[in-house]
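These protein sequence lines map, in sequence, to chains A and B. Oh and the first sequence: position 117 is 117 in our numbering, straight run, nothing missing. Oh and the second sequence: position 167 is 167 in our numbering, straight run, nothing missing.
Simulated from the structure, these hints should not be mistaken for laboratory data. If you're wondering where the values come from, they're calculated on a predicted model, not measured in any experiment. C-beta: ideal position from N, C-alpha, C; glycine also. Take the hints with a grain of salt, since some may be wrong.
Residues on chain B that point at chain A, a partial pick, calculated with CB under 7 Å [said to hold, decoys possible]:
id, residue
1, Ile52
2, Ala73
3, Ser76
4, Asp87
5, Asp88
6, Gln89
7, Gln105
8, Val106
9, Cys165
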Amino acid sequence: MAKTSNYVPQDSPLDRMDPRAKIYAIFCLGIAAIIFPYYQFSYLIVIGLFIAAGIAKLLKKFTKFMLAFAIPILIMLIFIQGFYSPKNVTIIADCGFAKLGLEGVEYALKIVGSLLVFLGSFYLMTTTTYTGRLVAALVDSGMNMKVGYLVLACLNVVPQMQRRMLIIQEAQAARGVDTQGTFFSRLKAYIPLLGPVVMSSFTDAQERGMTLETRGFGVKNVKPTTFVEAKKRTSDRVVQILLVVFLVATIAATVFLKFA
Amino acid sequence: MKIELKELRHVYPTGEEALKGISTVIEGTEPVAIIGQNGAGKTTLVKHFNGILRPSSGDVLLNGESIKTRSTAQWSKLVGYVFQNPDDQLFLDSVKREMEFGPRQVGMPEDKIAQRLKVISELCGLQDKLDMHPFDLTSTEKKFCTVASVVMMDPEVVIFDEPTCGQDVRGNERLSKIVQSLKDAGKLCITISHDMKFVVNNFERAIVLYKGKILLDGKMKDVFAQPDELSKTFVSPPPITRVAIGAELGETAFTIPEFMKAFDAKRGAAKHE
Chain A
1 MAKTSNYVPQ
11 DSPLDRMDPR
21 AKIYAIFCLG
31 IAAIIFPYYQ
41 FSYLIVIGLF
51 IAAGIAKLLK
61 KFTKFMLAFA
71 IPILIMLIFI
81 QGFYSPKNVT
91 IIADCGFAKL
101 GLEGVEYALK
111 IVGSLLVFLG
121 SFYLMTTTTY
131 TGRLVAALVD
141 SGMNMKVGYL
151 VLACLNVVPQ
161 MQRRMLIIQE
171 AQAARGVDTQ
181 GTFFSRLKAY
191 IPLLGPVVMS
201 SFTDAQERGM
211 TLETRGFGVK
221 NVKPTTFVEA
231 KKRTSDRVVQ
241 ILLVVFLVAT
251 IAATVFLKFA
Chain B
1 MKIELKELRH
11 VYPTGEEALK
21 GISTVIEGTE
31 PVAIIGQNGA
41 GKTTLVKHFN
51 GILRPSSGDV
61 LLNGESIKTR
71 STAQWSKLVG
81 YVFQNPDDQL
91 FLDSVKREME
101 FGPRQVGMPE
111 DKIAQRLKVI
121 SELCGLQDKL
131 DMHPFDLTST
141 EKKFCTVASV
151 VMMDPEVVIF
161 DEPTCGQDVR
171 GNERLSKIVQ
181 SLKDAGKLCI
191 TISHDMKFVV
201 NNFERAIVLY
211 KGKILLDGKM
221 KDVFAQPDEL
231 SKTFVSPPPI
241 TRVAIGAELG
251 ETAFTIPEFM
261 KAFDAKRGAA
271 KHE
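Produce the entire structure from the sequences given, and follow the hints as far as they go.
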């Protein structure tokens, strides 16, 4: 079957959770991490995300993804902000060519922490959510069905084009176009591929649209049912409420810390 | 031209073992048909003949040289491959340029290209459509355009993947002509097809695949004399052959004259008894 996203089907509580609750999680946790003044807070959330990944049986993949992103960007930001931030007052280390400031380092940690919360929760959502179900959930929440299809089609078109690209590349190689070799020869081989890939995905899209019409996609005055069910369970509602409460509490705590 | 398969296995990245050890030799110019049910490994097998796919284990030798030594583009001079779906292959803005593209890639001299263009466009029924855009051709013409663009390169081996798919009677007749002319020119033609009538009338040898293995391999008549084996891979002989088998004529007939001859022989034998 075609791989349309990085979704990994698995039996876990996170997989069963309603996609809307997961979208709530991305925003509530992410915003909370940004607004709260202490950077340690976002790392607590990140630890929470690791626990969630463990529950979703994705700990290994998740760790790999997070480290691959976090380490390089953390080093880069600590270097820039730590050595050269104008806010630096407290010096924690002297490297000779520049002095490492505490404020800059904290700032770098804060940015990376917030980014990790957003990225981590987004990654968890996409790996535990079947795209079809996500769209079904959004349509169930009142999104127009056509917009829903558009979202799905966009998400599907990339892997589909990649697959086609591969086949066309093979076909070109069979006609004597060398798709390996130096950068320049590969680039040269790439250009003729673009035409058929783009053209055929246009015709594909048109054909799929017509097929959908023949199956009654555009029928009016009828309430359509969906093949993929998107029902919120009580547990999903509880999770959503908890997330909102968490966000509100964080906002309250931030305000309190600022003015008290 | 000689293609030697040595315990060829292919495992896709998904873990699916498409070929489970195939060993055979394809030699000379007698056209070979590869048949079998969907998913038997036919396309996977022929994609090894010009190195589009690489063996997971075992080897493919072209004139004694391992397929692994060169890239597909380098093999393309020797082995032409017509893909199943023309839309994957055509990308230029006229039939003529489509036909000239491959030969230029392999460095064929211009005068030879011009001369072949004339012969092959006629063979493929495209002589009046050379200036058309390939996307404006009908689907059968498109198929012939891909056939022409590969035959133009003058390879020693030509592989057709499902050329009969969607063809009408005249298309099939034209394909027969192409297969015959390739044979006359001393080329080896290997074809995947589900159209048994086309297969028995144009090919001398059949390789029947079943779940990644060779089920039967030999002369067309010998292969089709074993309907029980064939039915394993959901291949059923052409109607006239089935009638001949049903009537226990003892001879594999592919055409009506052959059938009548066998029938008369049998009746003659019966009279003598």
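The hints, checked one at a time:
Against a cut-off of 7 Å between C-beta atoms, the interface hint on Ile52/B holds, since the closest Cβ of chain A lies about 5 Å away. Annotation: interface hint on Ala73/B holds; nearest CB of chain A at approximately 4 Å, less than 7 Å. Residue-level restraint check for Ser76/B holds (minimum Cβ-Cβ distance to chain A is 4 Å; threshold 7 Å). Annotation: Asp87/B was flagged as interfacial toward chain A, and the flag holds, the nearest CB pair being 5 Å apart, inside 7 Å.
For the restraint placing Asp88/B at the interface with chain A, the shortest Cβ-Cβ distance is roughly 5 Å, inside the 7 Å limit, so the hint holds. Evaluation of the Gln89/B hint against chain A yields a held restraint, the C-beta minimum of about 4 Å falling below 7 Å. Against a cut-off of 7 Å between C-beta atoms, the interface hint on Gln105/B holds, since the closest Cβ of chain A lies about 3 Å away. Of the supplied interface hints, the one on Val106/B holds, with its beta-carbon coming within about 5 Å of a beta-carbon of chain A, less than 7 Å.
Given the 7 Å rule on beta carbons, the hint for Cys165/B is violated: about 16 Å separates it from the nearest Cβ of chain A.
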